[in-house]
Structures are given as structure tokens and as C-alpha cells.
Amino acid sequence: MSDERGTPLVEMNHMNVSFGGVHAVEDVSVDLYPGEVVAIVGGNGAGKTTLIRCLSGAHPGESGEIKINGQAVAITNPIEAMGFGVETIYQTLALADNIDAPSNMFLGRELMTRWGTLDDKAMEQATREVMGRLNPRFLNFRVPVKSLSGGQRQSVAIARAVHFNAKILIMDEPTAALGPAETEQVRELIRQLKAEGIGIFLISHDIHDVFDMADRISVMAQGKLVGTVIKDEVTKDDVLTMIIAGRMPGEVDGDLDLH
Amino acid sequence: MSTTSEEAKQERRSSSKLLQSLDIDTRLLGMLGLLVVIWILFHILSGGTFLTPRNLWNLSVQTASVAVMATGMVLVIVTRNIDLSVGAIVGVVGMLIAIAQTGWLADWLGLGHPAIWILAVALALVAGTFVGWIQGLIIAYVGVPSFIVTLGGLLVWRGIAWWFNGGQTVAPLDPTFQLLGGGSRGSIGAGWSWFIAALAVIGISFSLVNSRRQRRRFGFKLRPLWADTAIGAVGTAVVLGGVFFLNRYYLPVSVAMEVAEEKGLEWPPEGLEISRGIAIPVLILIGVTLLMGFIATRRRFGRYVFALGGNPDAAELGGINTKRTLVKVFALMGLLAGVSAVIGTARLNAGVTSLGTLQELYVIAAAVIGGTSLAGGVGTIPGAVLGALVMQSLQSGMVLLGVDAPLQDIVVGVVLVAAVAVDSYYRRRAET
Ligand SMILES: Nc1ncnc2c1ncn2[C@@H]1O[C@H](COP(=O)(O)OP(=O)(O)O)[C@@H](O)[C@H]1O
Ligand SMILES: [Mg+2]
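Quick note, the sequences are listed as chains A and B, same order. All residue numbers for the first sequence refer to this note's numbering, where the first residue is 106 and numbers rise by one. All residue numbers for the second sequence refer to this note's numbering, where the first residue is 282 and numbers rise by one.
Mixed in with the good hints there might be a few duds.
[Stated by the list, open to error] In the DSS-like style, the derived pairs of lysine-lysine whose C-alpha atoms are separated by at most 30 Å in a straight line are: (1) A/Lys226 x A/Lys336; (2) A/Lys299 x A/Lys336; (3) A/Lys251 x A/Lys341; (4) A/Lys226 x B/Lys604; (5) A/Lys272 x A/Lys251; (6) B/Lys544 x A/Lys226; (7) A/Lys299 x B/Lys609; (8) A/Lys172 x A/Lys226; (9) A/Lys299 x A/Lys272; (10) A/Lys299 x A/Lys341; (11) A/Lys172 x A/Lys251; (12) A/Lys226 x A/Lys251; (13) A/Lys336 x A/Lys251; (14) B/Lys544 x A/Lys251; (15) A/Lys272 x A/Lys172; (16) A/Lys251 x B/Lys609; (17) A/Lys251 x B/Lys502.
Keep in mind that the hints were calculated from the coordinates and are not lab data. These figures come from a predicted structure and were not determined experimentally.
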């Protein structure tokens, strides 16, 4: 990408992941700058989730290089990823249904009292603070998140990222399970976070979502990167063509492989 | 969407709203209610012999062994696992410490050495933990389902228990060690029992006051003062009433004479009533319950256990080392089986190969009756202890009524299924 923007927040270069014989991600390179939303789009099974799971530490890539602020890093587990300011909102809503919102928000990073016990009151307090900002209508702090609506559960996941000062936010289909009002809420939130200078990888099926939010769009098909385009320079049809035909707009039929 | 069902839901909400606003565990409350009903029913049916100091004292001692393990089984089941080996661990550890204190510890230190019981207990805890740890490693790191690992464990440990002494009973045991099982001298007497009661009352008051203070500090909604007062009052009444009852069960005359002689007391012609008070195994159970409750709700480990049971992927993605957590859960279960082995062996004053046979089933049943969901993620420590008490009450009550042993089993079996049926009905209703 253009040099005048300085060092990218994240660079993922030539990433490869395979499961058994399936090449889920094959030689994919993407990058992300501060305050930028990069959408990653593609059909079901294109490898989007698998690609970003390398960055969130859910599973390491087989080969490829991840740079954060220009530094090559090794991310082998979620804790290390969090250490680099990477927070992830998973497609499957990675919440433990049986415990309450504060416990989920702080899962793995609990606040402790000086006697080494869980400081549930402080965690509830912090959750109330973040929620007051993100979703003031959220009131159920002490019930298992199982009993919350999809939107409320999504706000717990987002609150988690916000509270821990994400620098790099990965959102895997954040609005897939939500109704229209809740979707609008999440979009508003993404704009807010972007304005704060956070870099966001937004994975989405929804072409409207993508055109509404993204600065750049990386298209994947069958584990490979079709190409990355700047949103303002393409049309929705162009992107749909990339997703469906697996080739750059204007390019003639045929070879999927760009190399 | 029908209006009637909507209305019914509304109504249900408002009726449970009071309890909800009081922030009280309704399931626990229900179990307590069930226990009271069972006790009163048996008292009436047995012509007034159930709620006697003697019977309640025995009930408390008989509950201890299963209840101690049930607190650990809660955590095992919460992680969506099961431990079928706990009865066999009790058997093998019991045999091991019986042999140790009559054999090599006695040879080494001399029979009756005051350190023998301490070393025997330490050995039981270490051996139990080790066995649980090994099983946990296989479950977590090799990936063999816990059902299989502990089913195999059941056979292996029971076999080793037999093999230790060719199936022969080992007896008698160290006199101090015997006290840990209750028995005629294994209680702490009236004075200490009242002391424990006083501590409990202070503990209850402190935790209520502290919780109010904390909630006020963060500006959260407070439970109404009358509700806290009522909880405190009921808790205090139960503690004081319980100790009063246990103190009214006296030592048998022969033992009382022994005690009088030791203390240099004159034996009065009308006899001497020396209170038993809280039995030592019951004291152990109280300690274990408090500690396990603390671990389950106040420590990080406990939080991880529940998160892992609710959604293993979420726990993993949150950066929790789920495998290590699982190993710890099984090691803890083994440790508690070691504690039970001490209680059981001490109570029999012998090491027998069959100690703990079928106890795994009672332990699992206690946890499940106490509200632990086999689907994982849900369960409480006090619930499991109450579950054990409910089951033991049913059994002792039926013994008192002269019910045949096979019918006793049938009743316990039916109650287990009924309890889970009722529980899952309410759970489903609560979710809609
Ligand atoms: N844990 C896994 N084990 C085996 N195959 C997997 C696993 N996760 C993903 N895959 C496969 O990798 C490919 C890409 O999947 P995914 O990254 O989830 O796609 P997307 O998120 O774009 O829908 C699919 O063919 C999928 O079946
Ligand atoms: Mg996906």
C-alpha cells in the first residue's frame, strides 16, 4: 500500500493454513492501517475466519509472517494476541452462556482483590461503565448471558474489546445474528471505534455493510486472495464479480491464480 | 404468539420477581424445603424417632463421606465430565493408609506414635490427589473421555486395593486416627461445638454486612434490610438449633466413665451426661464445604471451571488453559476422595477392600439432586451437600421405618430421577 500512510498496524504476508488436505488459506496477504476498516469478504468457506484466527491466536498459521507496527511477531495463543492489542469478536459469539456479562467481559483477565479473590463488584462496575457508553439500554448485569438477546450478547463481546483498549479489532460477521436496529447499533459502534484510531478487520457477507463501513475490501475465494480494492474506486457489482467469479474486475476469464 | 401464554409468562415473572429482587438462590431454597418436608414426614411416620439428637447426630456423620466428595463432583460435572472412580479411590487409599499405619509407619515410629495419624492423613491426601491427577492428565492431554478413563480407574484402583493385602482386612488402626471417623470419642464436645456455632453466627453476620457495604460502595441496588435480617436470623437459628441438638446426644456410660476418669472427675451416682457435640467428620465436611465454595465462586480457578463447562471454545479463546484446568479439577476430586477415605477408614477402624463400593453412584446422585446439570456449566457446592443430606435422610428414615433394603434402593432411584425431572422442567420454563 501507499507509503505516505506510514507503517501499517498489521501486515499478514503469505499466510497458509490447511486442514488435512484442504488448503483453507493459501498464500494470502492483507494489511491494515490505524483508523481504517478493511473488509474481508468472500463466499462461505472462502477461508476468511481461518485467516483472521491466525491473528487472534486461535490457531497458528503454518507459514507466513505477521507484522504488527512493522515488527514481525509470533502469535501462538489468544493471550499473546491480546498482548499486542488484538481483540476479536468471533462469529460464533465466544461467550460462556452460563455466566453473567461481567464474568464474560473479563474472562481470562479477571480483576482480583488484594486477597487473590475475584473482584466481582469491580468487574460489574467496569462493565456498567463500558456499557453505559456502548449500549445504555443494557441492564442485565447479573444474569447468565444465555438469557440475553443476540444484540445484547454482541454488545458484551464488543464491550470486552473496548474495555481492554483494542488497537486492532477483528469482527467476524458481527451483525449476522442481529435484527435491523441492533445491526445499526453495531455499525454506529464501528464508526465510533474507527474514529478513535482503531484498525478494524470486518468480515461480512453483507455487501451493504461492507460498502457502508469499509475503506478497503479484500476479497477471498477458495482460500486465495482474489485482490484488495479501495472501496471508492469500485462498484458493488465489481466486488460481487470478484466474490463469485474469483477474479479482478475487468480481468478476462480463466486463471484464478494471480501468480 | 398467543396472548394467554404471554400473560402466563408475565404472571410467572411477577411471582418470581420478589425472589429475584431478594437475590436468593431459589433452587437451594427449594432443596431446603424438600429436606424439611422429608424430615417432618419421617418424624411423624416413625412415631417421633427421626428428629432426635441421636438420629440427627448419626445422620450428620453418615452424610460426611459422600458429601465431601459431592463437592468435588460438582466441579467435575460442571466441566461436562464424570468421575466413576471415586469409590474405588476411597477403597485403594483407605487400604493404603491402613497398611501404612499398622505396618511401616508403626515399624518406623513405634506403635502409637503421635505423628502416625498425621502422616496417614497426609499420605491419603497425596495418594488421592496423585490418582486423580493421573486420570486428569489422560483425560485432558490424551483426550480419552472421562467416562472411560474413570470406568477403567474404577476397576484398576479397586483391584489394587485388593492386591495390597490379598483382600484381607487391616485392623485395628491408630487410636487418634480413629477419631477422624466420628465414633464414640470422635466428637468435639459441647464447649467447642458452641464455639464453632459462635464463629458461624459471626461469619453469617459479617458476610451479610460486608455484602451490603460492597454494594453500597459501588452504588448497586441493595437487598431490602428486612430480607437480610431474615436471612441472618434463619441462619443463626439453624446453626444454634443444630448445635443444641447435637449437644443433646450424650456419650455412652462406659465412655463417659472413661472420660470422667481421665479428667479426674468424681463419677456421680446419678450418672454423668457428657455431650458429643459436632462429630469430627462433620467438622471436616463443614471445612471442605466452605473451602470448596470459596474456590468455586471466589477464585479464578472456579470461574474458569464454570466458563469451561459453559463454552469450552470461549474459555480457550479467552486465553484460559482449559487442559490444565481440567487436570486440576480431577486432581481436586482425587484429593477429596482421599479425605473421604480417611473418614471411612477411621470410622470402620479398619482398612477393608470394599470400602467405598458404589459410593461413586451416591456421590454423582448427590451432586445431581443438588442441582448440578449433567449438560455442564451449572451447579453449586452447598446444593451438592444438601443433595447428599437429602439422600442420606431418605436412607436413614427408611431404615428407621424398617423398610426392606431393596425397597430403599428403589425409592432412592425414583427420587433421583424425579429430582432431575422436576429440575429440568423448571430450567426449561425459566429459559422461555
Ligand atoms: N477446524 C477446522 N477443521 C477442518 N476444516 C476446517 C476447520 N475450520 C475451517 N475449515 C475449512 O476451511 C475452509 C475455510 O473455512 P472458514 O475459514 O470458516 O471460511 P469462511 O469463514 O470464509 O466461511 C472451509 O473449507 C472449512 O471447511
Ligand atoms: Mg466464517
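- Provide an ascending list of the numbers of those earlier hints which the structure does not satisfy. 1, 3, 6, 7, 8, 11, 13 and 14
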